[in-house]
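Undergrad: Residue-level listing of the chains:
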Amino acid sequence: MTSAASPQGLPMPRIRPGRIVAWTLLFIGGVIMVTPLLFMLSTSLKDASQVYDLRVIPEAPTLDNYIEILGDGRFTRWFFNSMIVAVIVTLSNVFFDSLVGYTLAKFRFRGRYIVFIAILSTLMIPTEMLVLPWYLMASQFGWLDSYWGIMFPGMMTAFGTFLMKQFFEGVPNDFLEAARIDGLNEFTIWWKIAMPLVTPALSALAIFTFLGNWTAFFWPLIVTTSADLYTLPVGLSSFAVEQSIQWEKIMTGASIATLPTLIIFLFLQRYIVRGVMLAGLKG
Amino acid sequence: MATIEIDRLVKRYGQTTVVHGIDLSIRDGEFVVLVGPSGCGKSTTLRMIAGLEEISGGAIRIGGRIVNDLQPKDRNIAMVFQNYAIYPHMSVADNIAFGLYRSNLSKGEKRRRVEQVAETLGLSQLLERRPSALSGGQRQRVAIGRAMVRDPAAFLFDEPLSNLDAQLRTQMRIEIKRLHHRLGTTSVFVTHDQVEAMTMADRIVVMRDGRILQVGTPLELYDKPVDVFTARFIGSPTMNLLPASLRDGGADLSTGGSVRVPYSSATTSDILVGARPQDLVPTASDAQGLTVSGTVAVVETLGSETLVHVESAGQTVIGSIPGRQIPRIGEHLTLHAPAERLYYFDRITEKALAVQ
Numbered sequence: 001m002t003s004a005a006s007p008q009g010l011p012m013p014r015i016r017p018g019r020i021v022a023w024t025l026l027f028i029g030g031v032i033m034v035t036p037l038l039f040m041l042s043t044s045l046k047d048a049s050q051v052y053d054l055r056v057i058p059e060a061p062t063l064d065n066y067i068e069i070l071g072d073g074r075f076t077r078w079f080f081n082s083m084i085v086a087v088i089v090t091l092s093n094v095f096f097d098s099l100v101g102y103t104l105a106k107f108r109f110r111g112r113y114i115v116f117i118a119i120l121s122t123l124m125i126p127t128e129m130l131v132l133p134w135y136l137m138a139s140q141f142g143w144l145d146s147y148w149g150i151m152f153p154g155m156m157t158a159f160g161t162f163l164m165k166q167f168f169e170g171v172p173n174d175f176l177e178a179a180r181i182d183g184l185n186e187f188t189i190w191w192k193i194a195m196p197l198v199t200p201a202l203s204a205l206a207i208f209t210f211l212g213n214w215t216a217f218f219w220p221l222i223v224t225t226s227a228d229l230y231t232l233p234v235g236l237s238s239f240a241v242e243q244s245i246q247w248e249k250i251m252t253g254a255s256i257a258t259l260p261t262l263i264i265f266l267f268l269q270r271y272i273v274r275g276v277m278l279a280g281l282k283g
Numbered sequence: 284m285a286t287i288e289i290d291r292l293v294k295r296y297g298q299t300t301v302v303h304g305i306d307l308s309i310r311d312g313e314f315v316v317l318v319g320p321s322g323c324g325k326s327t328t329l330r331m332i333a334g335l336e337e338i339s340g341g342a343i344r345i346g347g348r349i350v351n352d353l354q355p356k357d358r359n360i361a362m363v364f365q366n367y368a369i370y371p372h373m374s375v376a377d378n379i380a381f382g383l384y385r386s387n388l389s390k391g392e393k394r395r396r397v398e399q400v401a402e403t404l405g406l407s408q409l410l411e412r413r414p415s416a417l418s419g420g421q422r423q424r425v426a427i428g429r430a431m432v433r434d435p436a437a438f439l440f441d442e443p444l445s446n447l448d449a450q451l452r453t454q455m456r457i458e459i460k461r462l463h464h465r466l467g468t469t470s471v472f473v474t475h476d477q478v479e480a481m482t483m484a485d486r487i488v489v490m491r492d493g494r495i496l497q498v499g500t501p502l503e504l505y506d507k508p509v510d511v512f513t514a515r516f517i518g519s520p521t522m523n524l525l526p527a528s529l530r531d532g533g534a535d536l537s538t539g540g541s542v543r544v545p546y547s548s549a550t551t552s553d554i555l556v557g558a559r560p561q562d563l564v565p566t567a568s569d570a571q572g573l574t575v576s577g578t579v580a581v582v583e584t585l586g587s588e589t590l591v592h593v594e595s596a597g598q599t600v601i602g603s604i605p606g607r608q609i610p611r612i613g614e615h616l617t618l619h620a621p622a623e624r625l626y627y628f629d630r631i632t633e634k635a636l637a638v639q
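Note that the protein sequences, when read in sequence, are chains A and B. When the letters of the first sequence are read in order and numbered with the numbering used here, they come out as residues 1 to 283. When the letters of the second sequence are read in order and numbered with the numbering used here, they come out as residues 284 to 639.
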């Protein structure tokens, strides 16, 4: 072993080369991730004349953009629209994906495997291919330019169902059987016993679904025509087409739009890491 | 409280039959232990009584009522699982109270019953804790509490002690037995541990390959096993079985010497002579009994007695020496078992020989 000694005679901790490579890669990754966010925040604090000044710390920081954006009725409307869509779709996914996932994981019935494969196979179809049928469907049912039109394709997802099925498979049957003997019906067993045991998965699903819908752009852009129904990403993009591109406004809107996702993540992440599942079992 | 009657009970999974038409009658207030090796059908039988498995044939009656098509919740039974199955997201009090989920009792009455059960099981100080903050024994007590609180017609235990360490297992064994004496509720207990079966049961049901081999009190099974399997399964260490050839009124042992054989229902002259290690001691007591001489191969000192493994004519026989006379390995030793403590089995059918 070649452990060098410090001047005080204490052995220096030996740093493995693999660690150095890992840290370097993580550092580069971190910088790549954080830089756009920093620029977004920085640009939001600049006035229009400083936008192309690429210094991270603005020369004359100003909150004018925030005051203007938050005072603009359209922005608050879009924020509200996004919130409505993201919250309802998230709740719907948490409910239906886990209900179907639980059924596929815990009940033996004829055709179960075929149903599961059919659900999974929809994961292979790219969104671009689905947009046309979605649009035709929305058009025929009169859902164009409505909240329901924005939400209906995502109310239940194959990915969520798959994720929840996998987690429910890890829930020991003893819990469910004990509840059956205690007199709960199947729906109550799912709701009161199985659901609390998969909180980490539900949190993960909620975060993914909320983020996906909060930042969704393509489908809301297609299905909505009136500015009153725009979601935040669609609305923000209109800053780039109406007049010239107003980067400082877009960046301010984006900075505000980041807040709910941050709050949701900070609120739910502790549930992801908490392994409640095995606490009631042996050991 | 209730009787449980099992009538020609069958369980099939597809083409495979795992329980072959068993009959069993459990008396009101009786503590019956189903025992047998893994895959013998004991847990499946218990789960069919609970209603967690569908019945492929036959009938189950609880309290005289056929329950074949009743949901578990409608059978008025309570079950304690091997993995405890107490809900990790609920406090101890809520877990116990869950046993009263369908009860129409007032909130106050439910609380009073939970406290009463907690008092009985020594859980009063832990009512607000979550299961993750409990030891294995405490968790199992919570599971028992949830079963007790409802005052069910019968308790079903599915290997409830197998996840506990040896000391805790002994303690819980005594607690469950004491509880049964107090409550007098009909109980069916499944285990693969013959010591649990012997110490807890009013009657033991020995099962193998989906069939009941023998039903009896612990001593009946110990003294009069009907076949080699039960003889070896009940009792620890396991019974010594020595091949022997029948001749007039006796049998010549493969290890040398001979014994008197009082029965002669064997289909051939090949039999097995059995002797429990506790009966095979160095003191000669009976000229007609079994005598085995050989070399000491292994010595197991237990304190109150010493088990000796003696090698004789290529066979290992386990005997016991009371007190602290510990023989040396390699020493020559002669062990004797009295004739009235010997067991005789047909070597072909493995059934116990009977008086003809």
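No wet-lab data here; the hints were simulated from the structure. Bear in mind the structure is a predicted one, so any value in this text is a computation, not a measurement. Any given hint could be a false lead.
As the list claims (entries may be wrong) - Which chain B residues face chain A? A few, computed with CB under 8 Å, are given here:
1. ARG295
2. TYR296
3. ILE338
4. SER339
5. ALA342
6. ILE360
7. SER374
8. ALA376
9. PHE381
10. GLY382
11. TYR384
12. LEU409
13. GLY539
14. GLY540
15. ARG543
16. TYR546
The beta-carbon is built from N, C-alpha and C at its ideal position, and this holds for glycine as well.
Undergrad: Starting from the hint list further up, note which numbers the structure goes against and sort them upward.
TA: 1, 2, 3, 4, 5, 7, 8, 12, 13, 14, 15 and 16
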